[in-house]
Each structure stands twice: as C-alpha cells, then as structure tokens.
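Put chain B on the given structure of chain A with help from the hints.
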Amino acid sequence: MYCRIPFDRNKGGGACLTVNDNTAVKIENVSKKYCKSLKKSMFYGMKDIAMNAFGLSSRSERLRKGEFWAVNNISLEIAKGETLGIIGPNGAGKTTLLKMLNGIFWPDKGRITIKGKVGALIEVGAGFHPLLTGRENIYINAAILGMTKKEVDRQFDSIVGFADIGDFLDAPVKHYSSGMFVRLGFAIAVHCDPDVLLIDEILAVGDLGFRVKCYNKIVEIAKNCAIIMVTHDMSTMARISSRTLVMNNGTALFSGVPDIAIQHYSSIFQKEKTVVSPGGISLIEFTVDAKTENGHFAITSGAPMNISLKFFSEYNNDYITLILAFVHSSGEFVAEYNSWLNKEELKLPKGNHTLHLALEPLHLNTGIYHLSLVITTKNRMGHLLVIDRLLSLFVNGERFGNAPYQINGVVNHIPQEEY
Amino acid sequence: MNKSLQKITVYEPDNSLKQGYLSIFIEIYNEINKNGWLIYQLFKRDFLALYKQTFIGIFWSLLLPIVSIGVFVALNNSGIFNAGIIDVPYPLYAVIGLTFWQIFSIGLVACSNSLVNAGSMIVKINFSKKSLVIASIGQPILSFSVQMLIVAFLFLFYGITPSSTILFLPLFLLPVLLLTIGLGFIFSLINGIMRDIGNMLSMVVTFLMLLTPVLYAKPAHGLLAGISRYNPLYYLISIPRDLFLTGKVTELNGYIISCIFSVFIFFICIVVFHLTETRVAERV
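Read top to bottom, the protein sequences are chains A and B.
When we follow the working numbering, the leftmost residue of the first sequence carries the number 93, and every step to the right adds one.
When we follow the working numbering, the leftmost residue of the second sequence carries the number 960, and every step to the right adds one.
In case anyone wonders, no lab produced these hints; they're calculated from the structure.
Be a bit skeptical, because a hint or two may be false.
Only pairs whose alpha carbons sit at most 20 angstroms apart, straight line, appear in this in silico PhoX-like list of lysine-lysine [unchecked claim]:
| hint | chain 1 | residue 1 | chain 2 | residue 2 |
| --- | --- | --- | --- | --- |
| 1 | A | K305 | A | K315 |
| 2 | B | K993 | A | K209 |
| 3 | B | K966 | A | K172 |
| 4 | A | K241 | B | K1003 |
| 5 | A | K242 | B | K1003 |
| 6 | B | K966 | A | K209 |
Restraint ranges, calculated between C-beta atoms of paired labels, are given here [what the hints assert, rightly or not]:
| hint | chain 1 | residue 1 | chain 2 | residue 2 | range |
| --- | --- | --- | --- | --- | --- |
| 7 | A | E312 | B | N989 | 26 to 36 angstroms |
| 8 | B | N989 | A | K315 | 28 to 38 angstroms |
| 9 | B | I1045 | A | G158 | 55 to 65 angstroms |
| 10 | B | Y988 | A | K315 | 28 to 38 angstroms |
| 11 | A | G147 | B | F1006 | 35 to 45 angstroms |
| 12 | B | T1165 | A | L300 | 54 to 64 angstroms |
| 13 | B | N989 | A | F146 | 19 to 29 angstroms |
Selected chain A positions facing chain B (Cβ under 10 angstroms, derived; list incomplete) [unchecked claim]:
| hint | residue |
| --- | --- |
| 14 | M134 |
| 15 | A142 |
| 16 | L148 |
| 17 | K207 |
| 18 | N233 |
| 19 | I236 |
| 20 | G238 |
| 21 | M239 |
| 22 | V244 |
All figures in this text were calculated on a predicted structure; none of them were measured in a lab.
Just so you know, even glycine gets a beta-carbon here, dropped at the ideal spot from N, CA and C.
So that you can see chain A by itself, here it is in the shape it has in the complex (with noise of 0.2 angstroms):
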C-alpha cells in the first residue's frame, strides 16, 4: 500500500512505503522514451517544456514519431542488504535506467520509490575541476554528492586515507595520473554513505592493489545498503550479486540468480551456424553423448565428452588435422583439441566417414560455450572445412570461478609446529 505525503520529498512526490519495511527500492513498470534525432528531440524538449510551464501533462506515455522506448516495462523490487546485477548488451537500457534510479531523468511511465539517500558510482570524477587542488576538489565534489559541511569534515581524514594519492592532495587535479584521479573520485563517492548505490562499470579502474580495496568497500557498504550494479564483468557480477537482471532492447530478460542470468545474457549473443566447405568435405551428421536443454547440449563441468562426426568427402584427402575449438559465449577462446597435436594420423579418401572423438574430462567453468569445428590439411595451413558454432553448450556445474578453465586440486595442510 501506498500512501502520498505532500511536501516530502527531494525531487520526486512523497509517498511512504509500507509494504516491506525493508524494500530498498520499488521499481513499477517504469518505461524511458528516446528520440533518435537530435533535431527533432530538440523539438519535443522545447514541446514538453512547454507542456509542463503551463501546468499540462506532456503525455509522456505516449511514443511520437521518431522515439523509441529505450526502457520498456521494468518492474523491480530490491532489499535492503541485497546486491541485484544488472547485464545487457550494448545500448540495452541498463545506464538509462540506472539513472532513473538516480533522479537524473524521470520515468515517462511507471513509478520508482527510494528509500533513503542515493549514492552513485556512475562515473568518478566527474566534477572535478582541473585547475583545483585534490582538497579542494574533495569539498566540491562531496558537496555536489550530496554531502553536507559536517559530513566531509568528519570524514575527510578517512576519505584523504581511502585515495592515497599522498602530496599530490595539494596538487591541481589535471597534474594527476588517471589512476590517482579515479582513486579520489571513488574515495569520495564511497564515503557518501548511502542507502542506495548505483554502480556503473566502476570496478575495472585502477591498478590491482586499488581494485581490491574497491571490492571490498562495496562488499563492507553492501552490509546495510542496497546495491545496483551494471557490468559487462561477468565474474564480478557473479560474485557479488545475489540477483541478477538481463535487459535487451531495453526489456527485462530475466530475474533470478546470477549463473542463469548468465545463460540467458549468452543466449543474446547465439548466432546462427556457418559453414565454409572449400575443400568439398561436408559434414553429414554428428552426434554428442550428452542431454540437450532447449537447443543446447548440456555436459557437467569436468565430465568427459564423446561426439560423433560423419562426413562426406568428394576428394581424396591425404593427413588432415582435424580441429575442435571452444568458444567462450563472451568471444574468448578457451580450449581447443587438435588431431594433429594429439598425433592423430587421419585420412580423408573419397566417401563416407565416422569418426569419434573421446575427450578427457573438462574442467570448463559454468557458462555457454561453443564449438567450433576446423578441418586442415595436414600442415594447417589450408582449410578444408570450417563450422563456425557447429553447436553450443551449456556447461553446467556447482562451481563458478572468474576464468574460463577450472583447476581441480588438493591442498594438503601440513600443521608447522608452534613455537
């Protein structure tokens, strides 16, 4: 239940939530509409401005010519403690609806409730003036956060500790190296202490030493805060997220747990199959000895794989190397197996052929991969046959680590004595 309040608020109405004391966020098929022309957005602004002065409606609801919906019908709802991911191609929607969330623009339909002070790591530094000191720009940029006097002057040591640029504080900020002006930027938009933090692909800056120390503010602030995060960093987002969002075309996906927003975050990008066959070698047939899910084939991690493959060739081919390679969903390539390095001696004579390959077990991490067949002459240096996504795979498994290849092991602990 909803109920409005008037005269509380910072920008939006008021309202108070009572639904769930500890709901966070409350996102309600909120929708953002684009224009694509710069002049005819020019046009609509003026239009709307209008609209609004006079005390009308703009009929945001509405698309006109030229816009596009670039947020469509996203409905949330986040928890105080909670991290949610939120993944998408290119142009998805994901930082317009992250500055929603923000305050910067407003939903043309729908409703977003926030509870508590926002903080957001959208871009760090942003603000900062060039020609200022580093302690000049600490008061500026904190006030432009949201910070009051008191708050910065109680946590100025703490955010002076937190970039570690040294003398460089007293220095102008364009004399600053990029890693020191991220290091300050995030000092300061860490030590906001909000209730709600938006992150925007802020963990990739800096060296490791300050990533690390990054990671692990977000993890301490995560404690009592809700956290929205967009990222292309599939690994980060799996590890610190306890829900995860997969926007396309600026619609939600899916809602649910990281490694299955993973999937369908991969099944985007699936592409259709090509084959280039300038060697008169075609492939009939194959086969994989393992469980299909929904047009895929799914094998546990760390299983072995066996795959059968026939083909026809019009031509006698003498030694042909014959090449499988896995393809991260991401575009990586991760593993391959090669006849030719495995010492394979293998004939291609006009006619039909099995062949079957066993593989040892793999230890693939959890995700989409796909594979890609390749067959060479025997020194690999004309192709006879490439299968670009010949099929792809779902590997599945309890595990998932940040790279591609999983390493099983023992640790044997041997206890040191005392001393």
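Then chain B, alone, in the frame of chain A:
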C-alpha cells in the same frame, strides 16, 4: 538507524503537476535552503577556476570598467560621443552605471551557460540544478563588490559625498539580481536544449547595453527616450544611481513597477525551471 526517518523519494512522470502548484513553492524553498553549502562550493569552484592561473586574480574585475570607462571618457572629451547632460563628473556616473549593468550582463550570460557548462556533471550526478544557476551569480556579485573600490575612489577624488542611501546599496541591487537570476533560469533551460541561445545572448547583451542609458544620460526625446520608458533595466540602474549621487529621484513610479516586474519574472521563471529541469537533463 531509525528507518522511519529515512526519506522516501518517488520519481514518476508529471510529478509536480499531481502535487499541485502551491507545494511547488515550498519545494523550491526547501531545495535552495538545503543546498546553501552546495551553492557556496559551486561558487568557490567557479571563482577559483577563473583566477587560479592568473597573477592579479580578482583585480581583473577592476580592469574592465577602468578601461571601458577610460575609452568613453576619451570619446566624450574629444566630442565623438556625447553622454548628454550630466550634473556629476562623468566617470563617476559611468562607473556606477557600468557596475550595475555588469551584474545583469555577466550574470545573465553566466547563469544561462551554467547548465551547459556543467553538462557531463548533470547527466551523471543528481544534484540541485537550481544551485548551479544561483551559484553563477556569485562571481558577478563579487566583481561588483571589488568594483565598488573604484566608485569609492572616484567619490574621494571628486570630493563628492554620496547620499546616505548608498548604505542601502545591497537592497537596491536586489531587483537587478532577481531579474538576472530569473531570466538566467529560463535561458539556461532553453540553452540546454538549443545552443543558439548561448551564442545569441552575449551579442544581445552588448546590444542592450547600447540601448540602455548606462554610459549616457537618457535623452529627453527621440527613439531612445521612448525605448527607455519601457526598459525596466533603465529604471533599475538609473534610479539607484541618481539616488546615490544626488539623493533625488525623478521616476519613482517606473522604478517601483520595474521592481515588481523583476520579482514577478523571478518567481515565474523559477517555477518553470522547477517543473522542467529534469527534461533538460535528458537533452543537455
């Protein structure tokens, strides 16, 4: 932490319209009241950025009026330019007029460009955009205060005692400020959407100065006299100037109407700005 004390924020289309017009004034008041420190910081940022890499710093603001008045005095003496019949020494008359005028001209241009200049900040951080516009007037006010040194010097130099009304100078400045900030609010919005305004404005302001009796006395008749009759800037600048210099006022009615006009413009513009500022953030 007491959860019931946490502020609830709602974003939805046409939010203010649903709230009713009266609440808008309270919202605006609260926003400006809350952001006093932010306004000061933004002003400090502009100020430091402007003079940090200069040697003489704020004294640059002394140079412009001295040079331009110097030119006009020279033109006046050589008979090329006729300032009209002025009872007081021309430099004193011109400097007071020019300092008042610059509050308007520099202030209006600064306010109008404030949103565009902050462009990347506006689309990345949610903060009070009114503070940005208001902070832009700080710089002209500061320059004005420094320029008062010239005025004080000229009073001493000519041995003229200003009328005691000069003690109420800040009060006489207020209508000019309200008019400037008010127009600044509107132009900053439009400038955010159409950059033509920013380009046009500095030109228009120069043109306006020639039309307004700032550096010359209002002619008794002719086209300029007619325009000045309906030019609120003429009253807002001339009346305080006459008052300081001679202690006598001639066109009090015009002044009062101009003051009311300024207050009116200020309120209309700030309400329009409040209702439409998020629309601009999308398009800056």
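(message) Are any of the numbered hints broken by this structure? If so, which, sorted upward?
(response) Per hint list: zero violations.
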